[in-house]
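Peer 1: Single-letter residue listing:
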Amino acid sequence: MTISTTERTAVAAHTAGGRFRRFAGLVTTPLVPEDFLDIVRPLHSGTDLRGRIEAIHPETRDAVTVRIRPGRRWCTPVAGQYVRIGVDVEGVRQWRSYSVTTPTSADGCFTITVKALAGGKVSTHLVRRARVGTVVQLDQPAGDFVLPAPRPTKVLFVTAGSGITPVMGMLRESLHELADVVLVHSARTAEDTIFRGELRTLAAGGRLRLTERHTSTDVRLTPDALTALVPDLAERHTWACGPGALLDALEQHYAAAGISDRLHTERFQAAVVATGVGGTVTFTRSDTTVVSDGATSLLDAGENVGVLMPSGCRMGVCFGCVVPLRQGAVRDLRNGDLTSANPGDGVLVQTCVSAAAGPCELDL
Amino acid sequence: MTALQKKPTSPVAHLSDEDIETLGREVDAIREQVIASRGERDATYIHKVITAQRSLEATSRLVLLVSVFPPAWLLGTTGLALAKILENMEIGHNVMHGQWDWMRDPKIHSTTWEWDSASPSEQWKHSHNELHHTYTNVLGKDGDLGYGIMRVDEDQPWHPFHLGQPLWNFLNACFFQYGIAAYDLKLGKNLRKDRRSDPEFRRIVGATLRKVRRQATRDYLIHPLLSGISAPTTLTANLTANLVRNLWTHSVIMCGHFPEGVETFEYHSIDGETRGQWYLRQMLGSANISGNRLTHLMTGNLSFQIEHHLFPDLPSNRYQEIAPKVQELFDRYGLTYTTGPMYRQVASAWRKVIRLSLPNQVLGSGQPAREDTAPDCVCVPMVAARLASRSQ
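So the sequences go chain by chain: C and R. Counting in the numbering used here, the first sequence runs from 1 upward without gaps. Counting in the numbering used here, the second sequence runs from 1001 upward without gaps.
Honestly, the hints are just simulated from the structure, not real lab data. Don't take every hint at face value.
[Stated by the list, open to error] Cβ pair distances, simulated, as ranges:
| # | chain 1 | residue 1 | chain 2 | residue 2 | range |
| --- | --- | --- | --- | --- | --- |
| 1 | R | 1207 | C | 46 | 21 to 29 Å |
| 2 | R | 1271 | C | 17 | 24 to 32 Å |
| 3 | C | 188 | R | 1059 | 52 to 60 Å |
| 4 | R | 1328 | C | 220 | 56 to 64 Å |
[Stated by the list, open to error] Think about it this way: if two alpha-carbon atoms lie no more than 27 Å apart in a straight line, the pair counts; the simulated DSS-like pairs of lysine-lysine are:
| # | chain 1 | residue 1 | chain 2 | residue 2 |
| --- | --- | --- | --- | --- |
| 5 | R | 1107 | R | 1141 |
| 6 | R | 1189 | R | 1141 |
| 7 | R | 1006 | R | 1141 |
| 8 | R | 1007 | R | 1048 |
| 9 | R | 1107 | C | 121 |
| 10 | C | 121 | R | 1048 |
Every residue, glycine too, gets a C-beta built ideally from N, C-alpha and C.
Using the sequences provided together with the hints, build the complete structure.
Peer 2: What follows is the structure, given as structure tokens:
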């Protein structure tokens, strides 16, 4: 809208393109030209990065691979990276991160692979309800769970469940560059193993040593069991992705062996958000922190410590007090609803009717 | 109309404090039902309206590039006027109320939206959402009661300036977007010598003037120039579209709180007001417009002003759905649900503007002649019967 026009024109005001943009902005004010362009070509928008779902195909009974055509300005991901995707579920924009399983294809698409989690709003939506043609919001790929250059000689991947997804991206893109690769993968059953066919084909091709474990029958993987499976573990650079308990155990094991630098981990779940009463409220731009109880509104809490809080009716009606919640959780004092945000989400909350539910950060 | 607290027979005298709190809880229950069922259907609705509005605006402006041909002028002007009305009413007003904030879409959000009107959203949200919606119809607190240029209630003091208020109201209607901008800046108060150099006032005046210039440049310079030989006709088309939009929005807004049957409240009557009492004030202080779906869309669903004032932040497409429930509450609690077709409500509001241009002494005892004009009046025996049946 107007603000973004101003920002852009400030950057490019002196170029011919900048002058054209300024003129186009005057033609469409208070909207920006992209607001109109969005109607016909949502992927060519200069304002927001988006993608269109081109195909959805099932991997297992509760996992699908979603092929997405990104809009312009998309930076091709490095295998192992994740991408933040904004999906409208029940009309509400929800952002989640998914590992890229195919970084790029000949037609410029990439894929993510999603397993439906119990109670997972976005994952369940993508697996059960999403339709081809839907436009989703995108953020540029990010993450340092990637293979270094030059490639290490000996590599070990330890994955469990949907933890295979970033590793699948690496195998598809870089297996031919790796000399000695071991993959120890755990899934509940053989049927629940995402990419089972493809992994077995790669193993049969001789470039990958694959160990499949099924937690419905085998005991859960421990570092000791892993050492037994991979005797030369200490010589290998390891990339591990799976449940937090597994990664914690591996990190302790590698640290005890003094080879922490050889272990790279990727965690899917953010630290568990405390949902109890009250918490530490941080006003990031004001550099102020206050401990607040679960009954005091964020607005009162902020004002009590002298933060310049926008405010209005103080009863949840006028939305004059709305600010972005950078991370953490807040509870709506009116109905007990919990709103949480991960870093970068910037979920907007009404401070006059919300109280801290664990540590939280407001962009103020 | 005179402040509710001064009336010889109060329309709420039959309600006890407990009744009012129970009413408040019933209103809250309606709100909770809507919030619990808000979802994809509502999101699809607003996306469709926005897409339709932008398509209509773009098409109309393209047609106006050849506005030198009279049919193109007529078509383009009509389309542009409709697009501007939709943009102001069903989209801008409602988005800035936070009705769609729950979608968490930064492009359709009260904190980021800017509308096609002279008043910058920041100023408008303050004077409208915070002041008018909080202090609705409280004499001396709600500036919307006459916008500071008119007397719309017997209990507002008369000043010779008010003799001209039929003319002021007409001029305000023609230039309504600028009227709102001036009102949001509180020019009457802030232009006083001791306040006009206030840095905050100067900042918001600057913001408003920049926006006015930008909007005027678009409608009266850029688009006419782009039209080449159609420049003069595109200029008149844009002037006409803005005039039509101003007259329409002004009429709709007048219908919200000015028609006969709407109650006002004394300055101190809201001290210590409970949630139930706040709801009751919103119910009695607003008036609806009856009509078809097109009327509701083009008024931005402010034809459901009562429902809007109860729940200013619920999606506008839901007002129509909850209206029967709200009306049932009015019936059961013996309250008057003020509504009527648009022509009647506009006429009622204008009658009041004209009548109150004269001081109360000239008008008679100070008692308004409301009995003969109030629509849909519930007679007293019916109220008593309903209340009796409710308490059983």
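Peer 1: Please flag the earlier hints that this structure goes against, numbers listed from lowest up.
Peer 2: Violated hints (numbers, rising): 2, 5 and 8; every other hint is consistent with the structure.
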